[in-house]
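One line per chain: the protein sequences are H and F, in this order.
For the first sequence, my numbering assigns the number 27 to the initial residue and increments by one for each residue that follows.
For the second sequence, my numbering assigns the number 87 to the initial residue and increments by one for each residue that follows.
Among these hints, one or two may not hold up.
[Said to hold, decoys possible] So the derived label-pair ranges between C-beta atoms look like this:
#	chain 1	residue 1	chain 2	residue 2	range
1	F	Glu-221	H	Thr-91	28 to 36 Å
2	F	Pro-180	H	Asp-84	45 to 53 Å
3	F	Glu-221	H	Met-29	30 to 38 Å
4	H	Phe-80	F	Ser-209	19 to 27 Å
[As the list claims (entries may be wrong)] To give a feel for the contact side, a few chain F residues facing chain H, derived at Cβ under 10 Å:
#	residue
5	Thr-108
6	Ile-122
7	Ser-127
8	Leu-134
9	Ala-137
10	Leu-155
11	Val-158
12	Leu-164
13	Thr-227
[What the hints assert, rightly or not] What the simulated footprint calls covered on chain H by chain F, stretch by stretch (three residues with Cβ under 8 Å from a Cβ of chain F suffice, anywhere in the stretch; the number is not a length):
#	segment
14	30-42
15	64-70
16	79-92
17	98-105
Since the hints were made in silico from the structure, they are not lab data.
Remember, predicted model here, so these are calculated numbers, not experimental data.
We treat Cβ as the ideally placed atom computed from N, Cα and C, and that holds for glycine.
Below are the chains, spelled out letter by letter.
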Amino acid sequence: MKMFFLGVLIVLAILIGAYLYRVLQGPTIFDRVLGLNAISTKAIILLVLIGLVFDRVDMFVDIATGYALLNLVGALAVAKYLEQKGLP
Amino acid sequence: MEKGSLMTFSFEILLLILLLVTAAGAILVKDLMSAILLLGSYSFFLSLVWAWFGAVDVAFVEAVVGSGLATVLFLLTLFGTAPKDSRLRRPPPPMAALVALPLLGILLLYAANDLPQFGDPNSPANVHISPTYLEQSYRDTHTPNVVTAVLMDYRSLDTMVETVVIFTAGIACALLLRRHAS
Numbered sequence: 027m028k029m030f031f032l033g034v035l036i037v038l039a040i041l042i043g044a045y046l047y048r049v050l051q052g053p054t055i056f057d058r059v060l061g062l063n064a065i066s067t068k069a070i071i072l073l074v075l076i077g078l079v080f081d082r083v084d085m086f087v088d089i090a091t092g093y094a095l096l097n098l099v100g101a102l103a104v105a106k107y108l109e110q111k112g113l114p
Numbered sequence: 087m088e089k090g091s092l093m094t095f096s097f098e099i100l101l102l103i104l105l106l107v108t109a110a111g112a113i114l115v116k117d118l119m120s121a122i123l124l125l126g127s128y129s130f131f132l133s134l135v136w137a138w139f140g141a142v143d144v145a146f147v148e149a150v151v152g153s154g155l156a157t158v159l160f161l162l163t164l165f166g167t168a169p170k171d172s173r174l175r176r177p178p179p180p181m182a183a184l185v186a187l188p189l190l191g192i193l194l195l196y197a198a199n200d201l202p203q204f205g206d207p208n209s210p211a212n213v214h215i216s217p218t219y220l221e222q223s224y225r226d227t228h229t230p231n232v233v234t235a236v237l238m239d240y241r242s243l244d245t246m247v248e249t250v251v252i253f254t255a256g257i258a259c260a261l262l263l264r265r266h267a268s
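Work out the full structure, taking the sequences as your base and the hints as a guide.
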């Protein structure tokens, strides 16, 4: 079972590379924001999976929750910035 | 176990590649907004690396402060500055840095050979004072978590002054942001 989780970890990390291409390349700021949000959804899963590999899910769920909450705050801050400054 | 260690290794390499790509992107990208977003993802990958090495507390702080709070603080700074500042024109890096920094990196890698193995029970970090804390902290402080016992009991004055520093920084941030709002 541990091997399965490791495999899922590797596949998800490769998938993050695809999103990262969009974040780095993205012509507009919206591409970057969307790519970043998609990365963070993968990221939450990655954290829980690392917990499963180490048999310490209870600790890693805390980090994943904290990251999810603060990611929402970050996305709201970006949205507010774009609202005030106008679109680039 | 051979296959397992290979998969572990490839996951670590992938993680480090993602870390390097985001760090380079944050330096090379052309406007400040994208650099902030990339820095956020950089510190997120860093927190994944910490979590992978078992330093869960550090990973938690990196995820919350590095990719959450720092992003918001940088964005608030962009709020307060003129819009013409958000485009970057970088001068090319000086020649001395291009030569000296790789040399420094090689020197550090050479020195890293002498460090004890990761998780070695006989390394100085594991035999010097850690056993004392592990054996006596519960009897001394009645705190089940050793990290909490060290931070809040043995080094409580240290922690208190750190709190004062962070509180002062928070007040300064609040004052600056309020002045901008009015």
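Quick rundown of the hints versus the structure:
1. F:Glu-221 <-> H:Thr-91: 28 to 36 Å: Because 33 Å falls inside the window, the suggested range holds.
2. F:Pro-180 <-> H:Asp-84: 45 to 53 Å: At roughly 50 Å between Cβ atoms, H:Asp-84 and F:Pro-180 fall inside 45 to 53 Å, so the hint holds.
3. F:Glu-221 <-> H:Met-29: 30 to 38 Å: With a Cβ separation near 37 Å, F:Glu-221 and H:Met-29 satisfy 30 to 38 Å, so the hint holds.
4. H:Phe-80 <-> F:Ser-209: 19 to 27 Å: Given a distance of about 21 Å, which is inside 19 to 27 Å, the answer is holds.
5. Thr-108: holds (7 Å)
6. Ile-122: holds (9 Å)
7. Ser-127: Constraint on F:Ser-127 satisfied, holds at 6 Å.
8. Leu-134: holds (6 Å)
9. Ala-137: Where the cut-off is 10 Å and the nearest Cβ of chain H is about 5 Å from F:Ala-137, the hint holds.
10. Leu-155: At about 7 Å, which falls below the 10 Å cut-off, the nearest Cβ of chain H leaves the hint on F:Leu-155 intact, so it holds.
11. Val-158: OK, holds: F:Val-158 within 10 Å of chain H, min 5 Å.
12. Leu-164: holds (6 Å)
13. Thr-227: Cβ of F:Thr-227 sits 22 Å from chain H, so the hint is violated.
14. 30-42: Coverage by chain F holds here, the residue count being 7 at a Cβ distance below 8 Å.
15. 64-70: Holds: 3 residues of the segment 64-70 of chain H have a Cβ under 8 Å from chain F.
16. 79-92: holds (count 7)
17. 98-105: holds (count 4)
Taken one by one, the earlier hints fail for this structure only at number 13.
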